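From first to last, the protein sequence lines stand for chains P and Z.
If you want this note's numbering, it's the 1-based position in the first sequence plus 937.
If you want this note's numbering, it's the 1-based position in the second sequence plus 937.
Worth flagging that the hints you see were computed from the coordinates, not collected in a lab.
Accuracy of the hints is not assured; some may be wrong.
Put simply, identical chains are the same to the list, so a pair is met inside one copy or across any two.
[To be verified] Derived DSSO-like pairs: lysine-lysine, alpha-carbon spacing no greater than 30 Å straight-line:
1) 1285 <-> 1108
2) 1161 <-> 1234
3) 1108 <-> 961
4) 1358 <-> 1305
Keep in mind that this is a model prediction, so the values were computed, not measured.
There are 2 protein chains.
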Amino acid sequence: MADKKKRRRPEPNSDDETQLPFKKSLKPDSLILKSLEDLTNSLRSTTSSSSSSKTLTLADLSLSSSCREVTDLTLSSVQSSIESLILRLAHSILSGNGFSFDVPSRSAVNQLYVPELDRIVLKDKTSLRPYANISTVRKSTVTTRILQLIHQLCIKNIHVTKRDLFYTDVKLFQDQTQSDSVLDDVSCMLGCTRSSLNVVAAEKGVVVGRLIFSDNGDMIDCTKMGMGGKAIPPNIDRVGDMQSDALFILLVEKDAAYMRLAEDRFYNRFPCIIVTAKGQPDVATRLFLRKMKMELKLPVLALVDSDPYGLKILSVYGCGSKNMSYDSANLTTPDIKWLGIRPSDLDKYKIPEQCRLPMTEQDIKTGKDLLEEDFVKKNPGWVEELTLMVKTKQKAEIQALSSFGFQYLSEVYLPLKLQQKDWL
Amino acid sequence: MADKKKRRRPEPNSDDETQLPFKKSLKPDSLILKSLEDLTNSLRSTTSSSSSSKTLTLADLSLSSSCREVTDLTLSSVQSSIESLILRLAHSILSGNGFSFDVPSRSAVNQLYVPELDRIVLKDKTSLRPYANISTVRKSTVTTRILQLIHQLCIKNIHVTKRDLFYTDVKLFQDQTQSDSVLDDVSCMLGCTRSSLNVVAAEKGVVVGRLIFSDNGDMIDCTKMGMGGKAIPPNIDRVGDMQSDALFILLVEKDAAYMRLAEDRFYNRFPCIIVTAKGQPDVATRLFLRKMKMELKLPVLALVDSDPYGLKILSVYGCGSKNMSYDSANLTTPDIKWLGIRPSDLDKYKIPEQCRLPMTEQDIKTGKDLLEEDFVKKNPGWVEELTLMVKTKQKAEIQALSSFGFQYLSEVYLPLKLQQKDWL
Chain P
938 MADKKKRRRP EPNSDDETQL PFKKSLKPDS LILKSLEDLT NSLRSTTSSS
988 SSSKTLTLAD LSLSSSCREV TDLTLSSVQS SIESLILRLA HSILSGNGFS
1038 FDVPSRSAVN QLYVPELDRI VLKDKTSLRP YANISTVRKS TVTTRILQLI
1088 HQLCIKNIHV TKRDLFYTDV KLFQDQTQSD SVLDDVSCML GCTRSSLNVV
1138 AAEKGVVVGR LIFSDNGDMI DCTKMGMGGK AIPPNIDRVG DMQSDALFIL
1188 LVEKDAAYMR LAEDRFYNRF PCIIVTAKGQ PDVATRLFLR KMKMELKLPV
1238 LALVDSDPYG LKILSVYGCG SKNMSYDSAN LTTPDIKWLG IRPSDLDKYK
1288 IPEQCRLPMT EQDIKTGKDL LEEDFVKKNP GWVEELTLMV KTKQKAEIQA
1338 LSSFGFQYLS EVYLPLKLQQ KDWL
Chain Z
938 MADKKKRRRP EPNSDDETQL PFKKSLKPDS LILKSLEDLT NSLRSTTSSS
988 SSSKTLTLAD LSLSSSCREV TDLTLSSVQS SIESLILRLA HSILSGNGFS
1038 FDVPSRSAVN QLYVPELDRI VLKDKTSLRP YANISTVRKS TVTTRILQLI
1088 HQLCIKNIHV TKRDLFYTDV KLFQDQTQSD SVLDDVSCML GCTRSSLNVV
1138 AAEKGVVVGR LIFSDNGDMI DCTKMGMGGK AIPPNIDRVG DMQSDALFIL
1188 LVEKDAAYMR LAEDRFYNRF PCIIVTAKGQ PDVATRLFLR KMKMELKLPV
1238 LALVDSDPYG LKILSVYGCG SKNMSYDSAN LTTPDIKWLG IRPSDLDKYK
1288 IPEQCRLPMT EQDIKTGKDL LEEDFVKKNP GWVEELTLMV KTKQKAEIQA
1338 LSSFGFQYLS EVYLPLKLQQ KDWL
């Protein structure tokens, strides 16, 4: 297209600019920035500067015996632990006892939310998976095969997807859910993260803004990634050298909002890093967010829809998902703030009725279930907001702000939120 | 993770390397590269160097009167054509005739495949959408509202998603399919592409390899995008300055295969640009691919699953989708070659039985339907392959090659395909 001229922020007296609600309450950016700097500095001073991950561990709570967690292992140690495991099996076979795997249970009953850690962890229940048993012979065969494939990956030091893994032996695995679930079993058995196994999920997230990092040896400057942004790498172990002059990380649920902020280069007006997984958080984005938080020590502010799923998504970033609880230590980002859109914002920001949607029965049920979750209970502000949502039976997406003009989000709503430090 | 050492191609005498089928038939890369260079040069010499888009047009076929196509318009011309349209409506209202829109029909009966163009185009049938008619009053109101919103976008010169558009008036639009479909109507009415309206689809595609381009003013070097690659920008009008020393474009259906090639940096061994939309082609990726093909004049080789949907996806890139046929000239990339995985490859490359999947009834039906499609018929090679697929009732995904080792795709299959110029 010929029209190449860059967009400018609209002139003060341009059309709908004058009647934008709350535009008047905005202080000059300089003042807002000052208060944000104080916030970031206080956060940095509180968190120990020596180690980036000086957070409570299971050991600190003397839970390490009763709970199970995995850690990042180097490829070589994964390789050797597979080899010693197989050696043990061989011995057991030679001594005439056949062989069986001792597999940690990942069932719901084996899950535990630890308030002190503010995340879900896996308890220590395990179950035997003997080869010489009609009910488990298939699964123990699959387990052996997965171990062999992972061993190959270690030797070659390459990454593959769960799908690749499945396709190396379709006849045995039958469908991918089987190889996927055994893959998680293997992570637990070896006590290492899935990324340590060099099996990665397909990437989904993108990042843009005041961040420089290395992806597989290439230095990436996320202020020079245009509107598209940088695709978050699937393999966190090749990500490093993070540098940033940002004052906060803006975690966005939807890519529409991400796009708006990227095009308006919001991160130039308020130095920040903008990241989104485009809906449900994927492992790569969760690992990337945690790494940013830990290494850069920045506050994380979440911009999600005002519905139960928005809060659910926030919680997955914050304290993990049940089916990967064994890895919650590496996948979760502590202390994420709920910036918006919050149920109380709907009236506060006069979101027009037509942009609010009635909650379905399912929505309301999900909302009520969330109110029972510990990670919500421990935050009175969240309980209050969620209660309001369930009471009013109204929800709204981030895009609802578009009813005040497409740029209301980046020009009024977010700046005002930052100015008022209005997060929970 | 501590283990940071880069992966090397496995040593010749490493484990499963020796028994890789066809590894022996591989010539030295230098010879393969030479023949690829000849190919690219011949392509460049045939396509006129003056204009990049010297392809047949509807006018050349004197179809411009009976068929309708949209073109890229500058924001200012979109704005003025909206204003003159509204002016005409006002006149008609003042002269007591009320108003109605003359909307091009996008129904299947109004679609036409033009072999000379090798793409689907829209015929010239239109239907009236009067305001003063109970059956059309809603839709004409929606049309007016959409026109007004697009007019705003023109003035501000910003981009929004279809979702944003929907949310500016939920009560009127009711659900997004309504605002989406009227948006397409408006494109046809104004005779411009949807991207000319500054309404963009959420980005999905990624690109990596021997390409440098500018995204919203930032220069992007896709050889320095690590394993994650660069997210393809949602707004093609901010993309430009494409430079490349690649010999071909590798269009990949799935992101798993994309990841394998990105990690192995396949584009360093065989200079190419690797692009994927991660499944169904989205508009942004289709526009990006066409722009690359037109400006860089490179052959496009497609790596898709060996099933009817793989070919279907190839066809969407190649000759467009029915529901956006009015924009096929801008969305389609001419002369895409079917590299693989082709039905004949299954036996040729000895894909193990367990990695082939039986086609479902639906698969077979889709396959047979495709055989009736003109874009397949015009390519005897494709007909032959598709017939074989339907006959053997077998399909296979790209990942099926993983059964020979995770890197068989990048180390043997693709190099051999290139060496043998084995595409259709």
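Structure-based check of all given hints:
no., hint, in the structure
1, 1285 <-> 1108, "between (58 Å within a copy, 20 Å between copies)"
2, 1161 <-> 1234, "both (23 Å within a copy, 27 Å between copies)"
3, 1108 <-> 961, "between (66 Å within a copy, 28 Å between copies)"
4, 1358 <-> 1305, "within (28 Å within a copy, 61 Å between copies)"
In the structure shown, no violation is registered for any of the earlier numbered hints.
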